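> Each protein sequence line maps, in turn, to chains R and U.
In this text, residue positions in the first sequence follow my numbering: the first is 1, and each later residue adds one.
In this text, residue positions in the second sequence follow my numbering: the first is 1, and each later residue adds one.
Hints are computed from structural coordinates only; laboratory data are not their basis.
Watch out, some of these pointers could steer you wrong.
Calculated cross-link-like contacts (lysine-lysine; reagent style DSBU-like; alpha-carbon spacing at most 30 Å) [claimed, not checked]:
1. U/K129 <-> U/K31
2. R/K208 <-> U/K8
3. R/K445 <-> U/K6
Remember, predicted model here, so these are calculated numbers, not experimental data.
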Amino acid sequence: MSQIEEIKADDARTEEEDWEEYLKGYYEKPNSFKTWSGLDTNEIYTPGDLDREKHYKEKVNDAGQYPYTRGIHANMFRGRLWTKREVVGIGSPADTHARLKYLAEQGGTGLNTIADVTYEMGLDADHPWALNEVGLTGVNITNIKDMETLTKDIPLDKVSWSLITAAPSATATMAQYIAVAQGAGYDIAKLRGSVQNDPIHFGYCGFKPASPLDLALKLGCDVMEYCTLNMPKWYYTTVNMYDLREQGITAIQEVAYGFGIAMCYVDELVRRGLHVDQFGPRFSFYVACHIDIFEEIAKIRAARRMWAKFMKEKYGATKANAMHFRFAVHTSGCSLVPQQPLNNLIRVGYQALSAVLGGVQSLHCCSYDEPICLPTESSHLQALRTQQILAYETGVTNVADPLGGSYFVESLTDKIEEKIEEAMAEIDSVGGMYEAIRTEWLDRKLEDEALLRQKEIENGEKLIVGVNIFKSPMEEKTPLGVQRVAAESGQQQINDVKEQKRLRNWDKLMVTMRKLRDDAVAGKNTLPAMIEATKANATTGEMIGTVREVHGYHYDPMEVIDSPFDFS
Amino acid sequence: MENDKKIKVVITKVGLDGHDRGAKIVVSLLKEAGMEVVYLGMFNQVEDIVQAVVDEDADVLGLSYLSGEQLIFTPKIVEEMKKNELDDVLLIVGGTIPVEDIPLLEEMGVERVFRAGSLSSEFVEYIEKNIKK
Chain R
1 MSQIEEIKAD DARTEEEDWE EYLKGYYEKP NSFKTWSGLD TNEIYTPGDL DREKHYKEKV
61 NDAGQYPYTR GIHANMFRGR LWTKREVVGI GSPADTHARL KYLAEQGGTG LNTIADVTYE
121 MGLDADHPWA LNEVGLTGVN ITNIKDMETL TKDIPLDKVS WSLITAAPSA TATMAQYIAV
181 AQGAGYDIAK LRGSVQNDPI HFGYCGFKPA SPLDLALKLG CDVMEYCTLN MPKWYYTTVN
241 MYDLREQGIT AIQEVAYGFG IAMCYVDELV RRGLHVDQFG PRFSFYVACH IDIFEEIAKI
301 RAARRMWAKF MKEKYGATKA NAMHFRFAVH TSGCSLVPQQ PLNNLIRVGY QALSAVLGGV
361 QSLHCCSYDE PICLPTESSH LQALRTQQIL AYETGVTNVA DPLGGSYFVE SLTDKIEEKI
421 EEAMAEIDSV GGMYEAIRTE WLDRKLEDEA LLRQKEIENG EKLIVGVNIF KSPMEEKTPL
481 GVQRVAAESG QQQINDVKEQ KRLRNWDKLM VTMRKLRDDA VAGKNTLPAM IEATKANATT
541 GEMIGTVREV HGYHYDPMEV IDSPFDFS
Chain U
1 MENDKKIKVV ITKVGLDGHD RGAKIVVSLL KEAGMEVVYL GMFNQVEDIV QAVVDEDADV
61 LGLSYLSGEQ LIFTPKIVEE MKKNELDDVL LIVGGTIPVE DIPLLEEMGV ERVFRAGSLS
121 SEFVEYIEKN IKK
């Protein structure tokens, strides 16, 4: 009698069919031994998988030691916990400010605001296309007053603020932040924080018209150059590997393509005459942590080692912190599903754990309702609490790189490094990342990969609870309610912007806009002129539009409004 | 409908929403299921979308929303469809949609909402069984 027959015989009360199902479950094995990105794994890893003596010295080394595989600081979280930085952006600048303060009061340690789609596109709140969209996915900052409202009563010299504007309009964001800080009497050299400012990647977030490649490189590097020379504590770019990953690529491609874009910026900064030792210490990245725990940790370790090597060997960095791969993590939004939404809390918990075990500098945990709506106050708080439980209860902060030396994790780190190198070689074979983007090679790649990822779920190769296994009937309501953006909130912003435009001194504005245009024509850094223009109440759309025109693009990415300025 | 005619579907993003990964995947999966699919891409206004449905003589219109605009744009699209007498076009919505919005969208005239995490087996079968032409 087989085991199954024995168990069946033990209980004659149960229906035959139910038992078949139950026993299948009882003897169940994992359906795959591949990582989420498709790498094979062995049953067990042993000392034989590593040449440990040579391996440790050359490839791993202690945390704080080149090539920084185990972390960029010797003592990691003993020195300072990661920054608990939940992304906020909802409704008007005032609404966003209120949520920001709420999270800070609950123990959030880094401020983090995100642009809405209109602001990313470089559209003022009164743009015809902005009408129904202001504040739906973040905050729109059109003029200096909006930035004043956003930052009201917050001591900018004490906080660390992360400004998430990725597109060319990140130049306007920096101009607005600097203008407000200078107006309030702060020394900008002392400001701490970051701006995402990764306009090249932004073309891959669906916003191509706002991010033509040449303009993206030009304006992105204007911010990087200006901050390097004037704001030594400011992280002037956060190369967004996360968004690329969310398009459906693998962990390996995430790093390869992210590095490709990062090196477009590094090459341009070097071309402008800066040395990596000058700007390298404030280069940073935004990384995804998807659901495969060990793969994500190994990916981060491999990225840290590879970036250090690139900076040292390819670009000649000599300062340690110019070789550091500093990164924030955004837990994976696309791994979350609306089916049985509370399960997302668990997914986010695992992903946050992998970020911390990977040695993260700053963390945003998705709210469980990420695939449903903007976070409610409760779900936002829950995401912050997820971080706090990790930081204060679990003990994961005690030891730097606790998985270092694991036969498996070290082997996987090596394997992922090798695969990233292959993916980077593929980019080189099409002429480098700039060409890969210009020729739309990268677009095709992202589309093909996204479809592959979906098919892996469709055919059951990858399992997602509530989607292709353990399904339940649809829930009747969203557990902690639904966040709505009040229509009045956007309308108020639109009205305010119109009023501000009406009240400003046109002659003063024209002087600064003429300077901006002249600087753009002369190929100078546009940020100083944007700062002065912002002080004269120039708007995001006006500043970015004026530079767009100089570069031969329509003033308006949507091509429906014309420049209000006559420069003749 | 006759067996030899392919089901024709128009898929579109609405307004400024730039999250197009899902829409593009749906386009590919519908094509693989044997349907003829016209993808309008991003940055479409209400009138342009409905005009495309008229021009293409489509059986199905699929709207993709991931930025929370579903309650703003859908009624406008439904109204524009009524103006063009498109009551025989199956209107479906996909994306990040709260369950609370599903009855609201259905009341507006949407026939079915497919949230993130839906499988092609679900929406292909639904379309095949429910086209009105």
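> For each hint, tell me whether it holds in the structure or not.
Against the structure, the hints:
no., hint, verdict
1, U/K129 <-> U/K31, "holds, 17 Å"
2, R/K208 <-> U/K8, "holds, 28 Å"
3, R/K445 <-> U/K6, "holds, 29 Å"
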